[in-house]
Every structure is written in C-alpha cells, then in structure tokens.
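**Q** Chains A, B and C, in that order, give the protein sequences. Mapping to the working numbering: the first sequence position 360 is 360, numbers consecutive. Mapping to the working numbering: the second sequence position 24 is 24, numbers consecutive. Mapping to the working numbering: the third sequence position 301 is 301, numbers consecutive.
FYI, nobody ran anything at the bench for these hints, they're computed from the structure. Keep in mind that the hints are not guaranteed to be accurate.
Subject to a maximum C-alpha distance of 30 Å in a straight line, what follows is the list of computed DSSO-like cross-link-like pairs (lysine-lysine) [as the list claims (entries may be wrong)]:
| # | chain 1 | residue 1 | chain 2 | residue 2 |
| --- | --- | --- | --- | --- |
| 1 | B | Lys167 | B | Lys214 |
| 2 | B | Lys214 | A | Lys21 |
| 3 | C | Lys270 | C | Lys154 |
| 4 | B | Lys45 | B | Lys127 |
| 5 | A | Lys21 | B | Lys45 |
| 6 | C | Lys270 | A | Lys298 |
| 7 | A | Lys34 | C | Lys359 |
| 8 | B | Lys167 | A | Lys21 |
| 9 | A | Lys142 | A | Lys131 |
| 10 | A | Lys34 | C | Lys270 |
| 11 | B | Lys167 | B | Lys225 |
| 12 | B | Lys167 | C | Lys360 |
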Amino acid sequence: MNSLTETKRRPTDWQGAEMQKRIAGRYAAERRFKAMGMAAIALSASFLAFLLVVMVGNGFLGFTQTELPVEIDFPAVTGGASPSQFQGPNAEANLQVMGLREIVDSSIEIQYGPEGTDLFSSGAWTAVSAKILADPDIVEQKSTVNLPVVSDLDVAYKDEGNPEAEAKVSELSGQFSTGFNWNFLSNSDATDPMQVGIWGAFKGSLITMIVTLMLAFPVGVLAALYLEEYAPKNRLTDLIEVSINNLAAVPSIIFGLLGLAVFLNFFGMPRSGALVGGLTLALMTMPVIVISGRNAVKSVPPSIREAALGIGASPLQVVFHHVLPLALPGILTGTIIGMARALGETAPLLMIGMRAFIATPPSGITDPATVLPVQIFLWSDEVDRGFVEKTSAAIIVLLLFLLIMNALAIYLRNRFETRW
Amino acid sequence: MHDDQKTLEPNESVHMTDSATTGVNTEGGPPKMTARHVDVFYGDKQAINDVSIDVNMDSVTAFIGPSGCGKSTFLRCMNRMNDTIPIARVTGDITLEGEDIYAPKMDVVQLRARVGMVFQKPNPFPKSIYDNIAYGPRIHGLATGKEELDEIVESSLQRAGLWGEVKDRLQDSGTALSGGQQQRLCIARAIAVDPEVILMDEPCSALDPIATAKIEELIHELRGKYAIVIVTHNMQQAARVSQKTAFFHLGTLVEYGETTDIFTNPREEKTRDYITGRYG
Amino acid sequence: MTGATLLFLIIGLGLVAWFFGRLKAAGMQSGGKHSRSALHSLPNYHGWYVALWAILPAAIFLAVWSFASPALITDAALTSPAAAQLPQDAFARAAILSEARAIASGNQVNAFNPLSQSMVEPYRDAIAYYQMIGAVAALLMVFACGVYAWLQIKPDLRARTKIERVTMLVLLLASLIAIVTTVGIFLSLVFETARFFSMVSPIDFLFGTEWNPKAVAGPRGETGFGAIPLFWGTVFIGAIIAMIVAIPLGLMSAIYLTQYAPAKFRSWMKPILEVLAGVPTVVYGYFAALTVAPALRDFAVSIGISNASSESALAAGAVMGIMIIPFVSSMADDSIAAVPSAMRDGSLAMGATQSETIKKVLIPAALPGVVGGVLLAVSRAIGETMIVVMAAGLAANMTANPFSSVTTVTTQIVQLLTGDQEFDSPKTLAAFALGLVLFIVTLLLNLIALRVVKKYREAYE
Numbered sequence: 001m002n003s004l005t006e007t008k009r010r011p012t013d014w015q016g017a018e019m020q021k022r023i024a025g026r027y028a029a030e031r032r033f034k035a036m037g038m039a040a041i042a043l044s045a046s047f048l049a050f051l052l053v054v055m056v057g058n059g060f061l062g063f064t065q066t067e068l069p070v071e072i073d074f075p076a077v078t079g080g081a082s083p084s085q086f087q088g089p090n091a092e093a094n095l096q097v098m099g100l101r102e103i104v105d106s107s108i109e110i111q112y113g114p115e116g117t118d119l120f121s122s123g124a125w126t127a128v129s130a131k132i133l134a135d136p137d138i139v140e141q142k143s144t145v146n147l148p149v150v151s152d153l154d155v156a157y158k159d160e161g162n163p164e165a166e167a168k169v170s171e172l173s174g175q176f177s178t179g180f181n182w183n184f185l186s187n188s189d190a191t192d193p194m195q196v197g198i199w200g201a202f203k204g205s206l207i208t209m210i211v212t213l214m215l216a217f218p219v220g221v222l223a224a225l226y227l228e229e230y231a232p233k234n235r236l237t238d239l240i241e242v243s244i245n246n247l248a249a250v251p252s253i254i255f256g257l258l259g260l261a262v263f264l265n266f267f268g269m270p271r272s273g274a275l276v277g278g279l280t281l282a283l284m285t286m287p288v289i290v291i292s293g294r295n296a297v298k299s300v301p302p303s304i305r306e307a308a309l310g311i312g313a314s315p316l317q318v319v320f321h322h323v324l325p326l327a328l329p330g331i332l333t334g335t336i337i338g339m340a341r342a343l344g345e346t347a348p349l350l351m352i353g354m355r356a357f358i359a360t361p362p363s364g365i366t367d368p369a370t371v372l373p374v375q376i377f378l379w380s381d382e383v384d385r386g387f388v389e390k391t392s393a394a395i396i397v398l399l400l401f402l403l404i405m406n407a408l409a410i411y412l413r414n415r416f417e418t419r420w
Numbered sequence: 001m002h003d004d005q006k007t008l009e010p011n012e013s014v015h016m017t018d019s020a021t022t023g024v025n026t027e028g029g030p031p032k033m034t035a036r037h038v039d040v041f042y043g044d045k046q047a048i049n050d051v052s053i054d055v056n057m058d059s060v061t062a063f064i065g066p067s068g069c070g071k072s073t074f075l076r077c078m079n080r081m082n083d084t085i086p087i088a089r090v091t092g093d094i095t096l097e098g099e100d101i102y103a104p105k106m107d108v109v110q111l112r113a114r115v116g117m118v119f120q121k122p123n124p125f126p127k128s129i130y131d132n133i134a135y136g137p138r139i140h141g142l143a144t145g146k147e148e149l150d151e152i153v154e155s156s157l158q159r160a161g162l163w164g165e166v167k168d169r170l171q172d173s174g175t176a177l178s179g180g181q182q183q184r185l186c187i188a189r190a191i192a193v194d195p196e197v198i199l200m201d202e203p204c205s206a207l208d209p210i211a212t213a214k215i216e217e218l219i220h221e222l223r224g225k226y227a228i229v230i231v232t233h234n235m236q237q238a239a240r241v242s243q244k245t246a247f248f249h250l251g252t253l254v255e256y257g258e259t260t261d262i263f264t265n266p267r268e269e270k271t272r273d274y275i276t277g278r279y280g
Numbered sequence: 001m002t003g004a005t006l007l008f009l010i011i012g013l014g015l016v017a018w019f020f021g022r023l024k025a026a027g028m029q030s031g032g033k034h035s036r037s038a039l040h041s042l043p044n045y046h047g048w049y050v051a052l053w054a055i056l057p058a059a060i061f062l063a064v065w066s067f068a069s070p071a072l073i074t075d076a077a078l079t080s081p082a083a084a085q086l087p088q089d090a091f092a093r094a095a096i097l098s099e100a101r102a103i104a105s106g107n108q109v110n111a112f113n114p115l116s117q118s119m120v121e122p123y124r125d126a127i128a129y130y131q132m133i134g135a136v137a138a139l140l141m142v143f144a145c146g147v148y149a150w151l152q153i154k155p156d157l158r159a160r161t162k163i164e165r166v167t168m169l170v171l172l173l174a175s176l177i178a179i180v181t182t183v184g185i186f187l188s189l190v191f192e193t194a195r196f197f198s199m200v201s202p203i204d205f206l207f208g209t210e211w212n213p214k215a216v217a218g219p220r221g222e223t224g225f226g227a228i229p230l231f232w233g234t235v236f237i238g239a240i241i242a243m244i245v246a247i248p249l250g251l252m253s254a255i256y257l258t259q260y261a262p263a264k265f266r267s268w269m270k271p272i273l274e275v276l277a278g279v280p281t282v283v284y285g286y287f288a289a290l291t292v293a294p295a296l297r298d299f300a301v302s303i304g305i306s307n308a309s310s311e312s313a314l315a316a317g318a319v320m321g322i323m324i325i326p327f328v329s330s331m332a333d334d335s336i337a338a339v340p341s342a343m344r345d346g347s348l349a350m351g352a353t354q355s356e357t358i359k360k361v362l363i364p365a366a367l368p369g370v371v372g373g374v375l376l377a378v379s380r381a382i383g384e385t386m387i388v389v390m391a392a393g394l395a396a397n398m399t400a401n402p403f404s405s406v407t408t409v410t411t412q413i414v415q416l417l418t419g420d421q422e423f424d425s426p427k428t429l430a431a432f433a434l435g436l437v438l439f440i441v442t443l444l445l446n447l448i449a450l451r452v453v454k455k456y457r458e459a460y461e
C-alpha cells in the first residue's frame, strides 16, 4: 500500500555540509534562547537589587542626624539647679519651669552668634532635655552637647543642599558630627523633617493590624472549615466560592470605596480611625485566609477523619479536635502572608481618611491614626528635601517588618509542614 | 557519562565467551546498534547491570521481562532519552553504526532523529495531524518546500497505515483521534524524520486488542526498512512480532536469542519460569 | 453605660451561666466515675448550652436596638423645646441634627452651627435614656433566657447536638460574609453611581473625551466628566506598557527556571523573584517617582523628546511591569508544568532541541494557561493604585507618547475622594462610578481568566 511514495524519499545525509550547518544554527538558536532566559532572570533580580540598594542607600541616612556641638554652662544659666530637681515624676515640669528652651537658645547664641539658633533644629532643646533626664548630674557642670542642626544644613552636609546651606556647611566644616536619630523611632509626624518619627504611624499600623487580625482570622478560618468540611454542594456554596475567589482579586482601592460608603457614610463610624481601617483591611485579608485555610484543611488526609468518626466523634468534634489542629500551621502561614499584604496596603486607607496629619500616636481604635505605608506616601509628597531620606528610612522599617513576617511564614511552613 | 575504561571495539565482542548471557550477534552482517557492558544508575541505585546486546537491521528485537526489570530504561539509553533525567548516569558503550552515541562529539539532536522513539502512551502534540507529522521534518529541515513536506506527510501516514483514515481531515487536532490512531500517528511522526532505528516502549499497553492488532501488523510492514526494538510485557506480542527476543530480569540481560528458541527452548531456567508464567 | 462595658457584662454573665449549667449537669451524672454516664452529653456541653442561651438573645437584641434606637432618639430629641427653633427645611434640619448627635455622642467637639449646640442637651438626655432602656432590657433577657435554659437541663437533654447546630450556623454565617461583602461592594457602588448618573449622563461619562471635574460648577448639566482619557491611560499603563515589561521577563524567567535551571538555582531564585510581588506598592510608587521617572525624563530629553514629563506613563508602567513579573512568571510556571511530560519527551525523542521543544510544543500547549495568567495580571495592573498615583500624574491626556503624563481610573478615584469632601457632589460620586467600571472590568477579566485556566487544566487531566 505504500510502494508509491516510498521510493521518492532519499536517505537523509546527516553528515552533509548543509545539514551540519543547519544543526550548528539550531544549536546557536538554543544557546540564544537559553541566554535570553538567563537574561530575563538576571534583569528581574537586578531590578529588585537596584530597588533595595536605592532604598537602603537613601534611607540609611534617615536614621542619622547631623549635629553641632553646643557648650552649655549649666550652673551659670540655670542659676544653680540641683540634680534632684530633675529626678522623679516632676522632672519634666521642672525643666519647663526652668525655661530650658530659652537656656539652650541663649547658649547657642553665645557660641554661634545672634543668628545661631537658625542653624539648629527647632527641637534641639529636647535633645538637651533628654540628656538631663537621663543623667541629672550634668546640670552641675559645664558640658558640651551635640544638638541636631536644621534640616537644610542636614541635607547639605549629608548630600547636596541649597547654595546657602552649602556655604554654611563649608564655613562650619570640621565641627559637624553625625549621631543616631533616636527621634525618628520615637516621634510622630511633624512639619520639620528633623523632628519627624515613625512611632505614630507604627502604632497606627499595629492597632490597625490587630483589628484586622481579630476580625479576619476567626471569620476566615471558620469559613474555610465550613466550605471544606461541611458545605453541601449547592448553589449557595458555589456562590460563596465565586465570591471568595472574586474578592481575592478585587483591586484594593475598591475596598476603600466600600469602607467609605458603608462604614463611614452608612454606619457613621469615626473617620480616620484604626477601627474602619482594620475593618476594611479585614475584608481584604479574609479571602486570602479562606483560600489558604482551605488548602491546609484539604491536605489533612481523610484517614484521620475516618479514624475519629470511627470512634464515635461527632462531625464537629472531628474537625475541632483533629482537622483544625493539624491544619493550623498551614492556616497560620496563609494568615501571616495575608497580614503582610495588609500591612503594606495604602490605597484603601487613603479612601477612608487615614491620611491625616497625625502628630500624636493613636491610643485607641477610634482615634485618628495613620499607618506606615500611608505615612510613606505622605512624606513622599513633601517638597522639603529633608523628607526624602526620611521616606526611604520609613520604607526600610516597613520592608524590615514585611521581611520578618515572611520569614516567620517560611519558618512555620518548613517547621510544621507535614507530608502525608 | 562516558566511561573510557570500558571502551571496547564493537566487533571485539564477537569473541566474547558466553553468548547466552550477552546479546552479542554472532552471525549475519554488522549490527545496526551494539551495546557493551552498559550500566545505568539512578542516583545510587543501579538500574541496569552490564548489558551487552546487538540490534540488527533485518529483524524486530523484543525486550521482555517483568515490570521494573530495566527493559524500558535500557531502551531509553539507546537514543539518550535518559539525558532528560538529571540523576541518571550511563556507563559502557552503545554504538550506532560503529559510532559511540555517548561520545562527546555525538550530537544528541541528530542521534534522536536517527533513532526514533514511540512511547507507551500515545503522545501526539496538541496540533493538527499534519503539523504533528511535519514537526520533525520542519525542525530538521528535511523538506525544501511545501510540496516536499506534503509528500513526506503523506508517505509517513501511508507507511503507518493511517492515510486512508485521516487524509480528509489533516487539519483536525491530533488529540481528537482514537487511542490506536494516535499511536499510529506517533509512529508516523517518528517515520517522518526517516530514522534508521525505531524504539517502541510498550506501544500497545494503552490500546485495545483491535488497535493492538493494527500496530502489530504495522510493525510487520516496517520490518526491514528500519531496525525495530520493541519493549513489551506481553509475551504473546513478543512471539508474534519479533525475530529476536531479549529477556531482562532485575536489570540484567538473562537471555538473548532467536524468538522461537526463547519461547520453545529457553536455555536459562529464569527465562523458562517467566515464559511459563511462574512469575512476572 | 457604654456599649463595650455592657457587652463585657453580658459575656461575664454568660460565663456564670456556663458554670451553673455545668454544675447542675454534673450533679445529674449518676453512678461512679467509671460507669457509663446517664447524661446524653457531657456536662461541659450543658454549660455551653446555658451560656449560649444567656448571651445570644441579648446580643441579638442589642444589635437590633442599636439600629432602632437612633430614630427613637431623634424623635425624643425633637419633642424638646429647643427643637422648635429648628429650620423647616428638611436638608438644613438634618445637617443640624447630625451635628448635634455627633457632639452628644462625643465624636465631635465643637458645633459649627449654634443651633446644633442647643440641640446637644436634648440629644444627650435622649441617648442616655434609650441606652438605659436597652441595657436594662438586655440584662433582663440574659437572666430570663439563662434561667429558662438552666431549668431545661435534664439527663436526656441533647445539649451537644444543639450546641453543634449553633456552631454550624456560626460557620455558615462566617462563609456568608464573603457574599455579603461582594454584594455590599456592588450595591454601594451601584447606589452611588446611580446618584452620579442622575446628575451626569452615563453617555457623557462613558464616551466623553474631556475629563476636568474641577471645572464643574452647577448642580445640573455638568461637563468635564468624560472618562475616556482615564480609560485610555489605564489601558496604556496597565495593559500595554506594564505587560510589555512583564510578559517577556516573566515568561522567559519561568521557562528558564522550569526547563533549564538546576534544581538548586531554581529553589533560590524563585523566592527571590517572588519578593518583587511582596514589596508594598507604595514603595514601588516612591521608587518610580524618585528614581525611575527622572531618569527616564533625562533619557527622553537626551534623545530629543522635548516635551517629556517628569511624571510619565512609561515610568509608572515599567515599574508596574516589574511588580507584575512574579505574577506572570508563576502563572506561566504552573501552566508549563501542567503540560504532560510525554509531550516534551515526544518532541525531544524526535531530535528537537530543548528550545525548539519549548517554543513549538510546550508554549503552544500551555498557551491557554499563559493567556489566562496574563489576563489576571492585566486585571491586577489596572486596579493598581499607588504606583500610578505617585508616578503617572493627573493630566488626562489622550496620548500614545510614553514619555508624557497620563492619568488612570485609580489615580482619579484617589484624587476625587481626598481633600475636602462633600458627599453629594458629582465630583465625589464620580469616583464611585469609576470604581464601578473598574470593579466590573476586573471581575470580567478574572472570570474569563479563571474559566480559561480551568478549561485548560481539565484538558490535561
């Protein structure tokens, strides 16, 4: 049946020059393709490296402050205050009464001339205050304190600032020193970049995350258990599944709109509060927890359920005594990943007013608050150049927390993951 | 992978001592493919132990043996498909027309074009029937134009006995064919590259008896044009389609000889036990 | 008494109820320790039974009460003499009342309108009065229901079954929250959008080409709400520029990692690439605005594009593409891994090189999965907010010049809803209309993508 066409075919000359050339070409294409793949990975990884290097490079300086030495003759200016005044509960009030601010200003003027106070950050005196509170004995002597300079000088000294500041820096060169900016960790938002800190935003993030966790975790876990263990196969269950999968992919800003329309305008909850922020983020995080929770529950082998049912446990006891404990590491891993996402979320919180200027840290869930990513966004909008390094420094802090959370998730997964 | 210490001239094997436990061909023309002292390791585990065998142009060679005996592993060494498994390691010599296929200068791409393979489960590409057949000729540049390609596709399908069934629907997807047709499509696909040897790894194990019969008939037709090696765990099939049979057990070659001899008068007790169904 | 204290009190009483219920049931446990108990359920379950009876009805009552009482409070406050001075205009009246209520409940400190100040006292009284009624009624319910349940405890009471039924109901309610949220999103968007469309014609909104909401003055016949430039900007950044970056890089990374890379390299590189997806978007936004955008502008100027903007579509799109890389790569990874290895072997066995196998067999076979993944990536990119807010700019340009500034749907939502807000102005309502469009588009993209991916998975199973 095949004799017709068979004869037409001549045997392939694999060693022929033409074939060899062709094969060489094909191998070249192979190498090119492989190189392209490698280049894609290298490029992607170098983007990441570049991003991190830029952020760390900029942000590192944000943790430091430029200082100038100021000599304060405490016995002379305070009129002989004794160290005991600055101990105990009244210490701060006594500093206030003493007029520490004016004392510091006058000491500065003595040393740097009448315009001298312009060189220093408006919060310079608080550094002196902290120093006295830490060691009251210094008020009995003449001592030299390094005080933070004004933001323009700080920028000019660290990098490149405006011409006037640069001129000032070269004039005073040699006197500058660099100190760790503790204010950055303990202060809240401020208008002066030398005085800003992330504590307020950090506390806001913390409270918001607690609200989110308290709401999203129980609801997510219960929903995952219901869907995986008990849900009958019907229209309602399908609808729930579709909703969850869909919610997981809804843009985060839509959740912000929901929070604005429902929580703020319909229920009249307090604006800018961690409560509304936490609620909104909880709705966003819940689908993530449900999906990872279902996978964790699914991976518990049926034999365990059968064993428990076999000794007369009720379906609920099976789940709460056996399935849930075994699935918990997986659920926790998913929860941490979901929370990490919520921690980095910005857009929905802008919608519900968590972008306010918060100079005092929130103390409750209804106080106006802001969170780290929003603080980063707000600082990135500031024109003052001093904010650039602060923004990057805040980013470092945020990335550090995300890194810790993800490392925890990976640790949990590796430590408790059971292969059935 | 290539173990120089074990290199032997292919024809040296003629003088080997016991031809019952080696598959060395002692008569007829030069063998198409030879294997000498082949060992295969998966990591630390040895899957093939010192196998030597010859494959001839004019006969169908069947590898039989219980599952896990290494017959498929050995088959995959013959066109270096084991290269795709990172932990697999092959030592010894396998030659194709006297060329060591594991030599550094041997080109795997060419080797596989010359030693085609048909797999256990039919694996047509998710392309049209035409494109399935034309795939090999295209990548190897075997056709100079559309017309020549058409010819190759037609002749390959004819040789595989599929032309009559598919000539009116060459643009249909290859995956839309029945299991038996898919397997013949895969054979046609292998033929289209004009190989010298075709390796078949249990080509009928996923097929029904009627489709199996067609494949076996096809193997008969192809005999003599290609050197064919078929792995099967179906002894009747080996008896029906092959002229030479090799019996593998636990990674070693127990016996190799004329199919009629193996099935009627095996030399080794293990072979007899297997043939008579005492284990397997 | 505040709501929180009341709630804690009720929960505390519930614990007491649990204790008594358990005590009574334990007393009924006849026989010695080792004989089979006469009780149907363990004493614990009886305790929970009583506790739930004590807590749940009261909690439900309080929830209903907190919805019903504001209306009652307002009615009561309006009967006070101060209410006689209120203006007759319903709108002004409502504004004053809501301000007074906010002050009375402590959400606001100072009155903007002096009339509100006068209403604060009546409000405060009414709130205290109705709160007291609610608290007393709730506590009475705790006692009544708790005692009722306690009296019900008998050896054959199926307490465990009843508890389990309640627990099951709680589980069901937890899963229903997903539906409630979805419906909530949809309804709130639709509701506000409908109000917007009562002021601005949907045709003008969807097909208009001029976007300039600041220019709007009058309450009717507004112009400047043509969203086409926004849609274009969104597509240009999210679906075009970002994908031009993300698809080749993501796809080639996935191919290299799955087909070529040694296992060790892969196990290191995959998580590293995934870090790209874990970086918060605000960081990308800052990176785009601070580093990428100025660099691109300088580059554009150096090649002679004079009108290059410092907020360019290219900067936002490229950075967004980088963010999407791991997304595309993991979807492609899954799709390629789902192609049966028989197909790869089939191609290799014919003498195809690895790249020929990938290009001609694996990719075509995995294409539906890859396309599904790309659709999901697009849906993610167009919903992304912070990068575009920080790097893309606000100018509603209809341009295909990647170096110029364009604006997107999400940027405008943020822009419209931050700053001074009047909730009824078309400006704020427009944000919800944009949100609805975004929601529907991402929803459709997701549904299509999931269906494509699912179909594809089934084909190889």
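**Q** All hints are to be evaluated individually against the structure, with a verdict given for each.
**A** Verification of the hints:
In summary, the hint linking Lys167 (chain B) to Lys214 (chain B) is supported, as the alpha carbons are separated by about 18 Å, within the 30 Å threshold. Proximity of Lys214 (chain B) to Lys21 (chain A) is assessed by CA-CA distance (about 40 Å); at most 30 Å being required, the pair is judged violated. Taking the CA atoms of Lys270 (chain C) and Lys154 (chain C), the gap is near 61 Å; set against the 30 Å cutoff, the hint is violated. Restraint check for Lys45 (chain B) and Lys127 (chain B): the C-alpha separation of about 38 Å exceeds 30 Å, so the hint is violated.
Restraint check: the Cα-Cα separation between Lys21 (chain A) and Lys45 (chain B) comes to about 40 Å, which exceeds 30 Å; the hinted pair is violated. Our distance criterion of 30 Å between C-alpha atoms is met by Lys270 (chain C) and Lys298 (chain A), whose separation comes to about 25 Å. Among the hinted pairs, Lys34 (chain A) with Lys359 (chain C) is consistent with the structure: their alpha-carbon atoms are about 12 Å apart, no more than 30 Å. At most 30 Å may separate the alpha-carbon atoms for a hinted pair to count; Lys167 (chain B) and Lys21 (chain A) exceed this at roughly 34 Å.
In summary, the hint linking Lys142 (chain A) to Lys131 (chain A) is supported, as the alpha carbons are separated by about 13 Å, within the 30 Å threshold. Restraint check for Lys34 (chain A) and Lys270 (chain C): the C-alpha separation of about 17 Å stays at or below 30 Å, so the hint holds. Taking the CA atoms of Lys167 (chain B) and Lys225 (chain B), the gap is near 23 Å; set against the 30 Å cutoff, the hint holds. A hinted pair counts as satisfied when its Cα atoms are at most 30 Å apart, and Lys167 (chain B) with Lys360 (chain C) qualifies at roughly 24 Å.
In the structure shown, a violation is registered for the earlier hints numbered 2, 3, 4, 5, 8, in ascending order.
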